[in-house]
Amino acid sequence: MRQIWILAQNTIKALIRKKDFYVFFIMLLVLLVSLLSENFFGARNVSRYIKDIGFFCLWLFSFIIAVTFASKQLPEEIDSKTILPLLAKPVTRTHFILGRFLGTVLASSSAYTIFYFLYIVVTSIKGEGIAFSLVIQAYIMGICFLSLVSAISILLTLYLTLSAGITVSFVIYFAIIWFADKLRAIVISRTGIESVLLNIVYYVIPHYEFYDLRVRLAHSWEAFPLWVLSGVIVYTILYTSVVLYISCSKLKKKFL
Amino acid sequence: MKYIEIEKLYVNYESKNSKEALQGLDLNVYKGQIYGFLGPNGAGKTTTIKIILGLIPRYKGKVLIMGASPDNLSVKQKIGFMPEIANYYWYLTPRELLYMYAQIFGISKKNALAKIEKLIDLSDLKDAADNLMRTFSKGMMQKVSFAQALINDPDLLILDEPTSGLDPVSRIKMRDVIKELHREGKTIFFSSHELSEVEMICDEVAIIKDGKLLRAGKLGDLLKKKGGSTTFESYFLSIIGDNYR
Ligand SMILES: Nc1ncnc2c1ncn2[C@@H]1O[C@H](COP(=O)(O)OP(=O)(O)OP(=O)(O)O)[C@@H](O)[C@H]1O
Ligand SMILES: [Mg+2]
Numbered sequence: 001m002r003q004i005w006i007l008a009q010n011t012i013k014a015l016i017r018k019k020d021f022y023v024f025f026i027m028l029l030v031l032l033v034s035l036l037s038e039n040f041f042g043a044r045n046v047s048r049y050i051k052d053i054g055f056f057c058l059w060l061f062s063f064i065i066a067v068t069f070a071s072k073q074l075p076e077e078i079d080s081k082t083i084l085p086l087l088a089k090p091v092t093r094t095h096f097i098l099g100r101f102l103g104t105v106l107a108s109s110s111a112y113t114i115f116y117f118l119y120i121v122v123t124s125i126k127g128e129g130i131a132f133s134l135v136i137q138a139y140i141m142g143i144c145f146l147s148l149v150s151a152i153s154i155l156l157t158l159y160l161t162l163s164a165g166i167t168v169s170f171v172i173y174f175a176i177i178w179f180a181d182k183l184r185a186i187v188i189s190r191t192g193i194e195s196v197l198l199n200i201v202y203y204v205i206p207h208y209e210f211y212d213l214r215v216r217l218a219h220s221w222e223a224f225p226l227w228v229l230s231g232v233i234v235y236t237i238l239y240t241s242v243v244l245y246i247s248c249s250k251l252k253k254k255f256l
Numbered sequence: 001m002k003y004i005e006i007e008k009l010y011v012n013y014e015s016k017n018s019k020e021a022l023q024g025l026d027l028n029v030y031k032g033q034i035y036g037f038l039g040p041n042g043a044g045k046t047t048t049i050k051i052i053l054g055l056i057p058r059y060k061g062k063v064l065i066m067g068a069s070p071d072n073l074s075v076k077q078k079i080g081f082m083p084e085i086a087n088y089y090w091y092l093t094p095r096e097l098l099y100m101y102a103q104i105f106g107i108s109k110k111n112a113l114a115k116i117e118k119l120i121d122l123s124d125l126k127d128a129a130d131n132l133m134r135t136f137s138k139g140m141m142q143k144v145s146f147a148q149a150l151i152n153d154p155d156l157l158i159l160d161e162p163t164s165g166l167d168p169v170s171r172i173k174m175r176d177v178i179k180e181l182h183r184e185g186k187t188i189f190f191s192s193h194e195l196s197e198v199e200m201i202c203d204e205v206a207i208i209k210d211g212k213l214l215r216a217g218k219l220g221d222l223l224k225k226k227g228g229s230t231t232f233e234s235y236f237l238s239i240i241g242d243n244y245r
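Chains A and B, in that order, give the protein sequences. Letter 115 of the first sequence, counting from 1, is numbered 115 in full-length UniProt numbering, and no numbers are missing. Letter 124 of the second sequence, counting from 1, is numbered 124 in full-length UniProt numbering, and no numbers are missing.
These are computed hints drawn from the structure, not numbers from a lab. Glycine residues also receive a C-beta, built at the ideal position from the N, C-alpha and C atoms. Just to be clear, a hint being listed does not mean it is correct.
Said to hold, decoys possible - The list that follows gives simulated cross-link-like pairs (lysine-lysine, DSSO-like), each with its CA atoms no further than 30 Å apart:
#1 A:Lys182 with A:Lys13
#2 B:Lys62 with B:Lys186
#3 A:Lys250 with B:Lys78
#4 B:Lys19 with A:Lys252
#5 B:Lys31 with A:Lys81
#6 B:Lys115 with A:Lys81
#7 B:Lys115 with B:Lys2
#8 B:Lys209 with A:Lys254
#9 B:Lys8 with B:Lys212
Stated by the list, open to error - A few chain B residues that don't get close to chain A, going by computed Cβ distances all over 12 Å:
#10 Gly67
#11 Lys76
#12 Gln103
#13 Asp124
#14 Lys126
#15 Val177
#16 His182
#17 Glu194
#18 Leu219
#19 Gly241
Said to hold, decoys possible - One-sided excerpt, in silico: chain B residues whose CB lies under 7 Å from chain A:
#20 Tyr30
#21 Leu53
#22 Tyr91
Turn these sequences into a full structure, and let the hints steer you where they fit.
Below, the structure is given as structure tokens:
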């Protein structure tokens, strides 16, 4: 446990000193401020557009930070050989993966928290604001999403090179947010063995589309019932655990 | 007591068209020894050291470190390691790096800070201790690497070519520190290409080539068997069978 926490702290320090996320931070700030001063499409819909575009950007930037940062963890450490003196100490490969994972999630969640805070401030200045329960739900969903994304990105870099890993993470994300609903419809329309196979595919893919509450926020819909939120949290924990377990077993077999 | 016990060790990196890195290696290092580990490039020295540290996931043969399996965490608690390639987190300062490693060993803050001061002094890093390691030269990194190997006051110190890349003065200093550590009772196992250095500080040596042990024993005894008149250098060349001259 001690080892995991120390590695997580080190990971966060790396993000701060490498200044990776400052770029995104400034970009989002500029974007939100410019949204604040603009008056697109007539006065009536301004609030909705700000909510929509603002959330889209904060989501995308947080996602990019989580993917790039998580993907870099293992390849950088293995290629630069900094992993050798580390694992020669009382640190197992499982500690290593869990520490880097935890650090990535904490770091990308902190960035997301700052972005989200800005977003809430801007939307409440410019328009009617968002129901508090929905604000909290969307926030929790975001943290869950970033955890799942980080775990999957770490796993991919154990099988692929760094750049391939990042690319595949992006492709999976966009494929799923565009096709998961259509896949659901296809699954329902098929029968027999085809339906079984498609069902398996449907249940195995990481359902990123569950987490994105952009539309709900933009239209000021009601918050979910609590059981839906709990379900998503449980799903995230199970899925992330399985992905991390596979990552640990893979790293344990790797020659360094 | 045997600190390192290796018998009939085979390691295969499994990369295509590569031969086995270790092919039935035997090696015994006893508590209190200062042991030189020699062999030409690609002989398998670094691979053996990785085995000792539990960094190689699959091998065939017997490996016991202080009587236990090499991936045992309480064994690792008592080992210090200086890798062949000194590369550390460039976004940290040496002081921060040493502190992080001290925490990993579970050393209390007070003891860690005292130890870090001592090590910074010992390895000549005073002026650079609070600079990011991004700007460090190879030799400075090597000094950081040496310092971090001592953070936990190890019983067994494993050094992979410790003096490579150091200037002559630093080299002599490090050699003196190694001798001093040995006097304090630490067991030291190190690989090197510097025959004169090995001659100066080691009790015993092992010479390996192509993943096999060729000779091991006290340096004086080995040379005596050859008639005693040869230098260590010509002895070494004759053992590894290099007809360069
Ligand atoms: N990660 C690796 N993957 C594949 N083969 C490797 C790997 N590391 C070492 N080898 C091979 O194993 C053999 C032994 O290498 P090793 O690094 O142990 O040699 P060495 O004695 O330390 O050499 P040097 O004096 O150059 O440091 C070599 O044939 C090398 O090509
Ligand atoms: Mg080597």
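### Task
Enumerate the violated hints, using their earlier numbering and listing them in ascending order.
Result: hints 1, 11, 12 and 20 break, sorted rising.
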